[in-house]
Amino acid sequence: MPPVITLVRKDLLRQVRDVKGLLLYLIAPLFLTTIMGMAFGGGSIFGEQRISAIPLALAGGDLPEEMKERLAEGLQETELFAVTWTDTATAGRLVERGDAKAALILPDRLGDRFFTGEDVEIGLLKDPNSPVKAGLVELILTDALRQFQAGEAAYRSLWPEDDWSRAGDAAVVYEDFTSGDPRRMLRALRRDDGQLREGLLDRAERWLAFSDAMQEPAVTFVRHDRQEWEESGTAGAGSASLYDLFLPTFAVFFMMWGAANIVRELHRERENRTLARLLVGPVSGREITLAKWVTALLVGASQLLLLLLFGWVLFGVNIGHAPLAVLLVAVAAGAAAASVYLVLGMIVRTEKALDALTTVFTLVSGMIGGNFFPVDAMGPTLLFFGRATFNYWANRAYSDLITHGRGLEAVVGEISVLVAIAAIGLTLAMLLFSLRQRRGVLV
Amino acid sequence: MISVQDLVKKYGSFVAVDHLSFEVERGELFGLLGPNGAGKTTTISVLSTLLPADGGTVVVAGCDVGRDPGGVRRRIGMVPQEIALYEDLSARDNLRFWGQLYGLSGSSLHTRVDELLEAVELTEHGRQRVSRFSGGMKRRLNLAAGLMHGPEVLFLDEPTVGIDAQARSKILDLIRRLNDDGLTVLYTTHYLEEAEQLCDRIGVIDQGRLAALGDKDELIRQIGDEDTIRFVLPPEAFDDLVAAAAAWGAIGDPEIRRGRVVLRVVDGGRALPQLQAWLEARDLPLAHLEIERPNLENLYLNLTGRALRETT
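So the protein sequences, as listed, match chains A and B.
Just so we're aligned, residue 1 is where the first sequence starts under my numbering, counting upward by one.
Just so we're aligned, residue 1 is where the second sequence starts under my numbering, counting upward by one.
Rather than coming from a laboratory, the hints here were simulated on the basis of the structure.
These numbers come from a predicted model, not from an experiment.
The beta-carbon is built from N, C-alpha and C at its ideal position, and this holds for glycine as well.
Take these hints with a grain of salt, some might be off.
Stated by the list, open to error - A short list of chain B residues far from chain A (calculated; beta carbon distances all over 10 Å):
| hint | residue |
| --- | --- |
| 1 | F22 |
| 2 | L50 |
| 3 | G70 |
| 4 | Q100 |
| 5 | G103 |
| 6 | R129 |
| 7 | E226 |
| 8 | E255 |
| 9 | G268 |
Stated by the list, open to error - Quick list of simulated restraints, FRET-style, between CB atoms:
| hint | chain 1 | residue 1 | chain 2 | residue 2 | range |
| --- | --- | --- | --- | --- | --- |
| 10 | A | V348 | B | S108 | 38 to 46 Å |
| 11 | A | V441 | B | G182 | 32 to 40 Å |
| 12 | B | E121 | A | L327 | 43 to 51 Å |
Could you put the whole structure together from the sequences, leaning on the hints where they help?
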C-alpha cells in the first residue's frame with residue numbers, strides 16, 4: 001500500500017475516533033443547520049409550510065356562523081394566516097400578549113351596512129412587537145380592500161341602477177341568502193311576479209361578466225431567472241428560499257473550519273513527535289504533505305456535501321438541478337481549502353499560532369467571500385476583494401447552481417479557479433515543508 | 001555499523017555537537033552518556049537523518065546520511081524520547097500503521113504485531129487506546145513501534161525517562177534481549193546505572209564533545225584504579241596515621257575533608273584490615289566508615305568537574 005494511502009487511512013481513522021472533533025466539526029454544523037432550517041420555516045419532516053402562518057384574530061360583528069367559517073377558511077387557505085374568531089375584548093388581549101400579531105374588529109350589521117351603502121369601518125389592532133408580521137397583515141388586507149373597493153366603484157359606475165340601497169326587495173333576498181335558509185329565498189321568488197327574478201338574473205349576469213373581466217390581468221410580471229431555467233430544460237424544481245441561499249454558504253464556511261482542523265493536526269504531530277518518527281521512516285515530506293491535503297480535502301468535501309444532503313432531506317432545500325456539479329464544486333472547494341490552510345500551517349511554527357491565524361483568516365474570508373450574505377448582493381469594492389478568496393468562488397458556484405438553477409457548464413469557470421488555487425497552494429505547501437525540514441524546524 | 005567522524009551540528013552560533021567521532025560495531029550496544037543539553041539527542045537526530053549535519057561524515061548501516069538518507073531510514077528504527085504514538089488509536093492500530101508504512105501487509109503484518117505485543121507484554125491491552133495506558137506501557141509500545149520493520153540498527157533516545165523502576169527494568173531487559181539477538185543499539189541516557197548495566201561500550205559526551213570512550217573498565221581505569229576509604233578519626237591521631245598509611249599502599253597523604261579522613265589506596269580490600277589493626281592498637285573506634293570503588297560518576301566528575309546528577 002503506498003505510504004500516502006496509509007497516512008490518509010490513519011488520519012481518517014483518527015478523525016472518526018476523535019469524539020471532540022466530530023462534535024465540533026460535524027454534529028455542531030448539523031445542529032446549527034437544523035436550527036437554521038427551523039428558523040427559516042423549511043422542512044419536509046417539520047411540515048410543508050415554508051413561511052409560518054401569522055396568527056390573526058377576528059372579532060365583533062354579528063355575521064352568521066356560516067359566514068364566519070367561510071371568512072376564516074378563506075383567509076387560512078392563503079396559508080398566510082392562522083385565524084381565531086373571538087370577541088372584541090379577547091382580540092385586544094391576544095394582540096397585547098403577542099398571541100395574535102393583529103386583530104380585525106368587524107362592525108355590527110356588516111352585510112346590511114355594505115349593501116345599503118352605509119359607511120363600513122373595520123378596526124385593525126397591531127402587535128407593536130411584531131412590526132413585520134402585523135405590517136404584512138395590514139398590507140395584505142389593505143390591498144384586498146382596495147381591490148374590492150375598486151371593483152365596487154367600477155360596478156356602480158357601470159350599472160348605477162343596481163344600487164342595493166334602493167332595492168328593498170333585493171335586501172330581503174340577500175338576508176335570506178346570508179341566513180343560510182334557501183327555502184325562504186325560494187318562497188320569495190315563487191311569490192314574485194317575474195320582475196324580481198328577472199332583475200336578480202340580470203344582476204347575476206352583470207356580476208359574472210364583471211368578475212370575468214376582473215380576472216383578466218392588464219399587467220403581468222415576467223421572471224427572467226425562471227425563464228432561463230425553462231430554456232435550459234431545468235424548470236420544475238421550484239424557486240429558491242432564504243434557506244436555499246444560505247445553507248450552501250454556511251456549509252462552505254463550516255468546511256473551512258474542518259479543513260483548518262486537519263492542518264492543525266500537522267502541528268499536533270510535530271509537537272507529539274510522531275512527525276519526527278514519520279520523517280525517519282520511509283516516507284518523504286512531500287508524501288506527508290500530500291496525505292494531509294488529501295485528508296483535509298476528503299473531510300472538507302464530505303462535510304460540505306453532508307450538510308447539503310442533510311438540508312435537502314430534512315428541510316427540502318433546493319440543491320439545484322445538477323448534482324454532479326454540486327459534487328464537483330464540493331471537491332474543488334475542499335481541495336482549495338486544504339491547500340490554503342496547509343500554506344497557512346506551513347508559515348507558522350506552533351499549533352497555537354495556527355489557531356489564531358486560521359480563526360482570523362476564516363472569519364475575514366467568510367466576510368468578504370460571501371459566506372454571510374449572497375454573493376449576488378456584493379458591491380463592486382467587496383467583489384474586488386472577495387475574488388481574492390477561494391470561498392468566494394465556491395459560494396458563487398453554488399449561487400449559480402442553486403439560486404439561478406444553472407448547470408455544470410455555468411460553473412466550469414469557478415471550478416477551474418478553485419482547482420488552480422488548490423494546485424498552486426499544494427505546491428507551495430510542499431515547498432515550504434521541504435524548506436522547513438531542511439532547516440530542521442519541523443523536529 | 002555506525003561511523004561518526006568529526007560530526008558538527010550548530011543551531012545558529014551555538015555549537016550543539018563539536019567534532020564528535022566514534023564507531024559502533026555490528027551487534028554492539030553502545031551508550032552515549034551525558035547530562036541534558038550535552039548533545040545526545042542532536043547527535044541521534046543527525047544519525048537518524050532528522051537533522052542535517054553542518055560538518056563531518058556519518059555512515060549508518062553502510063549508507064551515508066547526507067547522500068543516501070532514504071537508505072539509512074529503511075535500515076534504522078527510532079525510539080524517540082517522547083511517546084511518539086497516536087494516543088487516540090489502539091496499541092494494535094499504532095503498530096499496524098507503522099508496519100504498513102514500512103510495507104508490511106497481510107499475515108506478515110498481523111504476525112509481527114502479535115510478536116511485538118507479546119515481546120513488550122501488551123498482548124492483553126492490544127485493543128485498548130494508548131491514551132489509557134500507564135507511562136510504562138506507553139514506553140514499551142513506543143519501543144515496539146520502532147521495531148516493527150525489523151531494523152538493523154536501533155536508536156534509543158532516553159527510553160526510560162519518567163517511568164518507575166519496575167517498568168524501567170522491563171525495558172532494559174527487552175533491550176538486552178534484542179541486543180543478544182544481534183541488533184545493533186545506540187542508546188542515549190543520562191542515567192549512569194543504566195549505562196553501566198546495559199552498554200558494551202560508553203561514550204561520555206559533554207557540551208557536544210566526546211569526553212571519554214571505552215568499555216566500563218577502560219573508562220574507570222582512566223581515572224585510576226584506586227579505592228577511597230573515609231572514616232572519622234580524633235585529630236590528635238592524624239599525624240600518626242599519615243606516617244603509617246604509606247605501608248598500607250596509600251596513594252599520597254591522607255586528607256581531612258568535612259571532618260573525615262580521606263585515604264586513597266591501591267587496594268581497599270587489603271588496606272582495610274591493616275587500618276583496623278592500627279586503630280585497635282591505639283584503642284580508637286572505627287566510626288562512619290565508607291569505602292568507594294572507582295565508578296563512572298567519579299569519571300564524569302573527573303572529566304567535567306561536575307557531578308552527573310547535578311547537571312540533569
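Say whether it holds or is violated: B:E255 keeps its Cβ farther than 10 Å from all Cβ of chain A. holds, 49 Å
Just double-check B:L50 for me: nearest Cβ-Cβ distance to chain A has to come out over 10 Å. Non-interface label on B:L50 violated, nearest chain A Cβ at 5 Å vs cutoff 10 Å.
Minimum C-beta separation from B:G103 to chain A exceeding 10 Å: can you confirm that? violated, 7 Å
Just checking, B:R129 versus chain A, shortest CB gap more than 10 Å? B:R129 is in fact no farther than 10 Å from some Cβ atom of chain A, at 8 Å.
Holds or violated: the 43 to 51 Å window for the beta-carbon distance between B:E121 and A:L327? holds, 49 Å
Given as non-interface: B:G268, partner chain A, CB spacing beyond 10 Å: Non-interface label on B:G268 holds, nearest chain A Cβ at 46 Å vs cutoff 10 Å.
Is it the case that B:Q100 keeps its Cβ farther than 10 Å from each residue Cβ in chain A? B:Q100 is in fact no farther than 10 Å from some Cβ atom of chain A, at 5 Å.
Grab the minimum beta-carbon distance between B:E226 and chain A and tell me whether it stays above 10 Å. holds, 44 Å
Does B:F22 clear chain A by more than 10 Å, comparing its Cβ with all Cβ atoms of that chain? holds, 20 Å
Given the hint of 32 to 40 Å, is the C-beta distance from A:V441 to B:G182 inside that range or not? Since A:V441 and B:G182 have Cβ atoms about 37 Å apart, the given range 32 to 40 Å holds.
Outside-interface status for B:G70 - nearest CB in chain A farther than 10 Å: Given a closest Cβ separation of 7 Å, the condition is violated.
Honestly, do A:V348 and B:S108 meet the 38 to 46 Å range at C-beta? The hinted range 38 to 46 Å holds for A:V348 and B:S108, with Cβ atoms some 41 Å apart.
Consistency with the previously given hints fails for numbers 2, 3, 4, 5 and 6, ordered from lowest to highest.
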